[in-house]
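Novice: So you can see what is in the structure, the chains are spelled out below.
Protein chains: 2
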Amino acid sequence: MPTAFPHDSVGLVTPQVLHFAEPLALASGRSLADYQLVYETYGQLNAARSNAVLICHALSGHHHAAGYHSADERKPGWWDSYIGPGKPIDTNKFFVVSLNNLGGCNGSTGPSSINPATGKPFGADFPVLTVEDWVHSQARLADALGIEQWAAVIGGSLGGMQAMQWTISYPERVRHCVAIASAPKLSAQNIAFNEVARQAILTDPQFHGGHFQEQGEIPKRGLMLARMVGHITYLSDDAMGEKFGRGLKSDKLNYDFHSVEFQVESYLRYQGEEFSTRFDANTYLLMTKALDYYDPAAAHHGDLAKTLAGVKADFCVISFTTDWRFSPARSREIVDALTAARKNVCYLEIDAPQGHDAFLMPIARYQQGFSSYMQRIKV
Amino acid sequence: MPTAFPHDSVGLVTPQVLHFAEPLALASGRSLADYQLVYETYGQLNAARSNAVLICHALSGHHHAAGYHSADERKPGWWDSYIGPGKPIDTNKFFVVSLNNLGGCNGSTGPSSINPATGKPFGADFPVLTVEDWVHSQARLADALGIEQWAAVIGGSLGGMQAMQWTISYPERVRHCVAIASAPKLSAQNIAFNEVARQAILTDPQFHGGHFQEQGEIPKRGLMLARMVGHITYLSDDAMGEKFGRGLKSDKLNYDFHSVEFQVESYLRYQGEEFSTRFDANTYLLMTKALDYYDPAAAHHGDLAKTLAGVKADFCVISFTTDWRFSPARSREIVDALTAARKNVCYLEIDAPQGHDAFLMPIARYQQGFSSYMQRIKV
Chain A
1 MPTAFPHDSV
11 GLVTPQVLHF
21 AEPLALASGR
31 SLADYQLVYE
41 TYGQLNAARS
51 NAVLICHALS
61 GHHHAAGYHS
71 ADERKPGWWD
81 SYIGPGKPID
91 TNKFFVVSLN
101 NLGGCNGSTG
111 PSSINPATGK
121 PFGADFPVLT
131 VEDWVHSQAR
141 LADALGIEQW
151 AAVIGGSLGG
161 MQAMQWTISY
171 PERVRHCVAI
181 ASAPKLSAQN
191 IAFNEVARQA
201 ILTDPQFHGG
211 HFQEQGEIPK
221 RGLMLARMVG
231 HITYLSDDAM
241 GEKFGRGLKS
251 DKLNYDFHSV
261 EFQVESYLRY
271 QGEEFSTRFD
281 ANTYLLMTKA
291 LDYYDPAAAH
301 HGDLAKTLAG
311 VKADFCVISF
321 TTDWRFSPAR
331 SREIVDALTA
341 ARKNVCYLEI
351 DAPQGHDAFL
361 MPIARYQQGF
371 SSYMQRIKV
Chain B
1 MPTAFPHDSV
11 GLVTPQVLHF
21 AEPLALASGR
31 SLADYQLVYE
41 TYGQLNAARS
51 NAVLICHALS
61 GHHHAAGYHS
71 ADERKPGWWD
81 SYIGPGKPID
91 TNKFFVVSLN
101 NLGGCNGSTG
111 PSSINPATGK
121 PFGADFPVLT
131 VEDWVHSQAR
141 LADALGIEQW
151 AAVIGGSLGG
161 MQAMQWTISY
171 PERVRHCVAI
181 ASAPKLSAQN
191 IAFNEVARQA
201 ILTDPQFHGG
211 HFQEQGEIPK
221 RGLMLARMVG
231 HITYLSDDAM
241 GEKFGRGLKS
251 DKLNYDFHSV
261 EFQVESYLRY
271 QGEEFSTRFD
281 ANTYLLMTKA
291 LDYYDPAAAH
301 HGDLAKTLAG
311 VKADFCVISF
321 TTDWRFSPAR
331 SREIVDALTA
341 ARKNVCYLEI
351 DAPQGHDAFL
361 MPIARYQQGF
371 SSYMQRIKV
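Heads up: the protein sequence lines correspond to chains A and B, in order.
The first sequence begins at 1 in our numbering and counts up by one.
The second sequence begins at 1 in our numbering and counts up by one.
Some clues are possibly wrong.
Repeated chains share a single entry, so a pair holds when one copy, or any two copies, can fit it.
Derived EDC-like pairs: lysine to aspartate or glutamate, alpha-carbon spacing no greater than 16 Å straight-line [as the list claims (entries may be wrong)]:
hint: 1; residue 1: 93; residue 2: 295
hint: 2; residue 1: 185; residue 2: 237
hint: 3; residue 1: 75; residue 2: 214
hint: 4; residue 1: 252; residue 2: 295
In case anyone wonders, no lab produced these hints; they're calculated from the structure.
Please take these sequences and the hints and turn them into a complete structure.
Specialist: Written as structure tokens, this is what we have:
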């Protein structure tokens, strides 16, 4: 039976799993005895092993970035607009690796995995991870795949932080870094939003101190609220206005607290509820903590240029005008530090109404600029 | 024993209560059989009864706007910087009335009052109110105080909406309207933040469908989360950055989910917890609904200028540059509509870093501009 995937799709993909038996020391002082990572690859690794690209995912992302897991999967991977034959991350040229981060809930070892020490799910006992920890775990994945050096490490949002950290932790192993809709650290407001999301989860009676799996429960309300707050920060005020305005669900107002009056309310509730059924609460906490903690310049008293002094990679930094989660000003901090450190950096500020979510969307000038940068990479 | 209040304070004030025995018909189609309003007054009503000013409060406000309830009250009323002898709302000139809105939780009839029909607290059975309902209830307060026409109706945020609605509902009864940090209606993003706050309260198991008082419980977690979200929107990103930056609570990171790592987290948790002990959850829901529903232009197919065509009051509209809850652009919508309707309007955009909260704060240019407008009012 023929399957009809779009001509510019990577087509059918099968996730793979690698097990790492050597303990991984973590920033917190703790360590993981062993772990597994689930990942997908698109395109072919060339003989020189010089065309590999790593995709780092954002807060709620995973390894399934492009293509389809089956012929009847309704939607392709989360970054399918950007990965595929002829797309900015061109799989005719590049061998693309996309993983689910350690601590995730899509197949890599994380809080919902079984803790070998207890035979029960880790839950809240899973160690808190940092962006640096992720990069180290990803370096082992590169080793296992025989990739000495990435042609590029690429990510949006929290993924951009990982891409940047690669150039700091492993300067010899990255030729290009593409950091999209990202920031060199969170602002107080960013941390504040994360804290609201965390408190929503932590105070949900069904969170059970992080051991809800053992109780056969899910902190659904907490996750729903966390996602609702998140969603507001992913969209621009204008994008929300254009999408929903003050559109009413029905002709007349209900004048009660439970009815959905405005379309934006039902959108948020739907997003929140859907998310709460598929995402792990401990992973959500862990991801927000990794965001909060990330501050590579702290090692040099806040001087990001000094932190980036040893970087060997060229950079492409991309931001979006209406992104208020990580505004263009935050991307410019990275650009300015790179410039001060005399590194090669290309900066693209895209006029787009979609807010932070723009990094996931097909936007002509973004696609062109991103493509153009990727095409110039020598493999 | 002498009490030493500041020389520009209205000094000791005593809240008063008025009972209204006539039923109040509401926008929802329901009605309140009777109700009481608690209010304070500052200054003296002149013989012509032409110097009365009404203060309308915002989401979590109340009647205690200026002065002190006792000699040992630590902080004066919430708008003490703007009300008093020699201050912008000069009590040497004006007779100032400040009330707790119907549906409130500071002494006026609201969800925590006893429902005469059942002998139990109203709780969730208290009717949902609109800005228009409040204005009608305030008009009865004016009647009872013998005030035929307000020299000015003044409010910030949700209070500004009430001030504007006064000029629409009772054009003959308002000479001046001062609408500060306000908007002619909520945006989709504004509604979205309200919806998160409501869901936090509604999904708290201790909310008990709004009848938590009968259960002897409080939806503390829900109120805490609602207030935390609110607080983020009251402060500008810059103000938060300046106040907290990425300041740590202790020298080293804890790498867990429960510890407070950053100062902004402890600030938010404190604000949330403090609020949850003093504010009624049903009132909070009610206030956010009143905000969502307010849209005076809807009666004229979105044409605010037409809605304001019958207005007789002069307007002073004030906004703050870093306010992102109700940005200057939202105030300018009011100004533009007034201009299109050929009304007398003065607009003041204040350069202030504090965000939405700026309307409560002593800021020199704001004080001067506000003072100057108030001084020109003839009484």
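Novice: Please name the hints from earlier in the document that this structure breaks, with their numbers sorted from lowest to highest.
Specialist: 1 and 3
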